[in-house]
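If you read the sequences in order, they're chains L and H.
Per numbering that gives the first Met the number 0, the very first residue in the first sequence carries number 0; after that it's consecutive.
Per numbering that gives the first Met the number 0, the very first residue in the second sequence carries number 0; after that it's consecutive.
Think of the hints as simulated: they come from the structure by calculation, not from any bench.
Think of the CB as a built atom: it goes at the ideal place given N, C-alpha and C, for glycine as much as any other residue.
Fair warning: there could be bad hints in the mix.
Lysine to aspartate or glutamate pairs mimicking EDC-like chemistry, simulated, CA-CA at most 20 Å apart [said to hold, decoys possible]: (1) H:Lys117 to H:Glu142; (2) H:Lys120 to H:Glu134; (3) L:Lys262 to L:Glu342; (4) H:Lys117 to H:Glu28; (5) L:Lys278 to H:Glu28; (6) L:Lys302 to H:Glu68; (7) H:Lys105 to L:Asp333; (8) H:Lys123 to L:Asp333; (9) H:Lys132 to L:Asp333; (10) H:Lys123 to L:Glu212; (11) L:Lys165 to L:Glu212; (12) H:Lys65 to L:Glu299; (13) L:Lys262 to L:Asp289; (14) L:Lys184 to L:Glu239; (15) H:Lys11 to H:Asp103; (16) L:Lys167 to L:Glu212; (17) L:Lys302 to H:Glu111; (18) H:Lys11 to L:Asp268; (19) L:Lys279 to H:Glu28; (20) H:Lys105 to L:Glu212.
The following residues of chain L were derived to be distant from chain H, with all beta-carbon distances above 12 Å [as the list claims (entries may be wrong)]: (21) Asp92; (22) Tyr297; (23) Glu341.
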Amino acid sequence: MKNIDITVHVSTKGRYFTTLPLFLVSVAQQTLKPKYLIIYDDNTPPQDLRNHPLYQYIFGLLTSKGINWSVSFGAGKGQILNHQKALAEAKTDFLYRGDDDTVLEPNVLEVLAEQMIDGIGAVAPLVLHPNQPIYDLPRHFSHNKIEYCEDPTQLNIQWFRHPDGKVKSVDHLYSTFLYRKEAAKHGYNLNLSPVAHREESLFTYEMKHNGWELLIEPNAVVNHFRYSEGGIRGENHKKENFDHDAQLFLDKLKEWGIVLKKKHLIVLDSGLGDHLVFKKLLPKIKEKYDNLVLAICYNEVFKDEKDIEFISIHEARLAVGNIDPWNVYKYMWDRSWDRSIEEAYAEMVGV
Amino acid sequence: MKKTFVISPYSKKMRNGKENPKNYPYWNEVISSLKSKNGNYVVQIGIEGEAELSGVDRFLKGNSLKELELLLKDCNTWASVDNFFQHLASSIGKRGVVVFGPSDPKIFGYQENENLLKDRKFLKPRQFDIWEKTEFNSDAFVEPQVVVEALERLSTGG
Chain L
0 MKNIDITVHV
10 STKGRYFTTL
20 PLFLVSVAQQ
30 TLKPKYLIIY
40 DDNTPPQDLR
50 NHPLYQYIFG
60 LLTSKGINWS
70 VSFGAGKGQI
80 LNHQKALAEA
90 KTDFLYRGDD
100 DTVLEPNVLE
110 VLAEQMIDGI
120 GAVAPLVLHP
130 NQPIYDLPRH
140 FSHNKIEYCE
150 DPTQLNIQWF
160 RHPDGKVKSV
170 DHLYSTFLYR
180 KEAAKHGYNL
190 NLSPVAHREE
200 SLFTYEMKHN
210 GWELLIEPNA
220 VVNHFRYSEG
230 GIRGENHKKE
240 NFDHDAQLFL
250 DKLKEWGIVL
260 KKKHLIVLDS
270 GLGDHLVFKK
280 LLPKIKEKYD
290 NLVLAICYNE
300 VFKDEKDIEF
310 ISIHEARLAV
320 GNIDPWNVYK
330 YMWDRSWDRS
340 IEEAYAEMVG
350 V
Chain H
0 MKKTFVISPY
10 SKKMRNGKEN
20 PKNYPYWNEV
30 ISSLKSKNGN
40 YVVQIGIEGE
50 AELSGVDRFL
60 KGNSLKELEL
70 LLKDCNTWAS
80 VDNFFQHLAS
90 SIGKRGVVVF
100 GPSDPKIFGY
110 QENENLLKDR
120 KFLKPRQFDI
130 WEKTEFNSDA
140 FVEPQVVVEA
150 LERLSTGG
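Chain L with its partners taken away, still in its complex shape (with noise of 0.2 Å):
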C-alpha cells in the first residue's frame, strides 16, 4: 500500500441527516485513512454537530480511526470558495474532493493513492449512480478529450463500468477526486458562480494545461447518491448561474487554444433493407460530416467502411437517451411522406 498523507475536505448544505452521514462513515471506513477530514459547512445557520447523538458516534468513529476531523464555516456563498479554503488550510501534499452524497467504497483512497506517482496531478474513481442500471463505458467515447466536452453524445467516462479495467490518461474530471496540491497551484477559479458549473473541468483541465497527468483509475468506485434534497448549490440553483459559467468555462477553453469538437451522430435503429438504403447516402454523409458515429443493427453492411465509428443502439440511447430524431419512419410519419424512402433518409441526414 502506497502511504500518502491526504486531507479529505467536504462543502455540505442541507445534508445532515440525510446523506453527508454516509460520506463521513464510508471515509471513515477507507482502508488507507485520511490523515485529515475537514467538513465545510455551509448550512445557514449551521449546528454544532458535536451536540448530536448520531454525529457524536461518527465524529467518535473518526477519531477512533486516526483520522483528524474538523468542522469549518462557509460563508454560504458556494463550495468554490470552501475548495479554494481546503486548498490554503490543508497541511498535506494530496487532498481528496469528496461530495457530501456520495459514498465511498472501502479502497477508494488506496486505490488512488496507488497511482499518484511523480508527474501525477489528479486521479478520479468512477462516479456510480446505484438506483439506476450501470452500464459498460461505450465504446466510441472520447476518454474526457477536452476538445469533445460540449459534444452530447461524449459523457463522462467516470459514469460508467470499465470492463478493461485499466486506468486512463484523461484531459480534465468530474465531481471528486485525489489531487495534489503541488499541481493546483492555480486554484478555483473564483469567477464562477455559486453553482459552480463545470469548476471541475476548469480546475483539473488547468492542471493538465500545464503538464500535470490526470488520471481515471477505474478500479476505485464511488456511489453518488445525487440526493435531490439539500446540496451546496441549493437557491443558486439558476439559469442565469449556469448560463455565466458556461461562457466562462467556454472563455477560458478558447484562452487555451482549445478547438472544440463534435462527433456526429446517425441511428440505424431498423430493419436490413433499411440499413441497405442507407448505405447508399453514405458517400455523401462521409463528404458532409467529419466524425461520423453510426449507432446501427446491421454490421455486416457496413463492414468494409473506413472512417467510422460503430456503436449499437444500447449505446446511442445510453450517449443520447431519446433516439427518435432518427427514425426515418416517424420522420415520414410527421411529413406525410409519399417519395421513396431513400429521399426520406436524404432529407433526415442533410445529404
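With the hints as your guide, set chain H onto chain L.
Frame of chain L; chain H shown alone:
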C-alpha cells in the same frame, strides 16, 4: 434456354406470430410455372425457420450479403416481396420483380424494377405504422401468372 431465378419470398417474421401482410401467397404456383418451362433453375433464399417453397432446386439459408450479391450477379433475374432483397439488388444494379401488396412501391420500391401492385386500394392507409396492425389479405396481390410474365420479360432483357 434454361434460366436461373432467385426468389426471396418472405418478409420479416412479425412479433405477434401472424403472417406478414407483405408475404405473397402464390409463390408455389409461380415456381411451378417457371419450372414447367425449359427446366428453369429456381433458387430460394432465406433464413433458418422459413418454409421451403415446393419445387425449388435449392434453398439457401443464412447467406452473407456478399454471397447473396454473387448469387444476384450470376442469376438471370430475381423476385421478392417488399423486403431487404430489393435494396440489396438495387445496390449492385440488378433488376428484378417485386410483388407488392399493402406497401407502396412509390415509397419502398425502385423504378428500375418491375413493381407489381394489384391495386392502390389495397395499400395500408398508414404506410409507416407497424405491420402488426395490418391483417394479411391474399386478395391484395397479383395473380401468379403476372409474376411469371414479369420474370420472363426481365430474364430476356425485356
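Status of each hint after checking the structure:
1. H:Lys117 to H:Glu142: Answer holds: Lys117 (chain H) to Glu142 (chain H) is near 9 Å, not above 20 Å.
2. H:Lys120 to H:Glu134: holds, 15 Å
3. L:Lys262 to L:Glu342: Answer violated: Lys262 (chain L) to Glu342 (chain L) is near 24 Å, above 20 Å.
4. H:Lys117 to H:Glu28: holds, 17 Å
5. L:Lys278 to H:Glu28: Cα-Cα ~35 Å, so violated.
6. L:Lys302 to H:Glu68: holds, 15 Å
7. H:Lys105 to L:Asp333: Given that 20 Å is the threshold and the Cα spacing comes to 18 Å, the pair holds.
8. H:Lys123 to L:Asp333: Holds, at roughly 17 Å.
9. H:Lys132 to L:Asp333: holds, 18 Å
10. H:Lys123 to L:Glu212: violated, 61 Å
11. L:Lys165 to L:Glu212: Judged against 20 Å, a Cα distance of about 16 Å means the pair holds.
12. H:Lys65 to L:Glu299: holds, 9 Å
13. L:Lys262 to L:Asp289: It holds: about 7 Å lies between the C-alpha atoms, which stays within 20 Å.
14. L:Lys184 to L:Glu239: violated, 29 Å
15. H:Lys11 to H:Asp103: holds, 17 Å
16. L:Lys167 to L:Glu212: Holds, at roughly 10 Å.
17. L:Lys302 to H:Glu111: Distance ~27 Å between Lys302 (chain L) and Glu111 (chain H) Cα, so the pair is violated.
18. H:Lys11 to L:Asp268: Given that 20 Å is the threshold and the Cα spacing comes to 15 Å, the pair holds.
19. L:Lys279 to H:Glu28: violated, 34 Å
20. H:Lys105 to L:Glu212: violated, 58 Å
21. Asp92: holds, 60 Å
22. Tyr297: violated, 9 Å
23. Glu341: violated, 9 Å
In terms of the numbered hints stated before, the structure departs from hints 3, 5, 10, 14, 17, 19, 20, 22 and 23, listed from lowest to highest.
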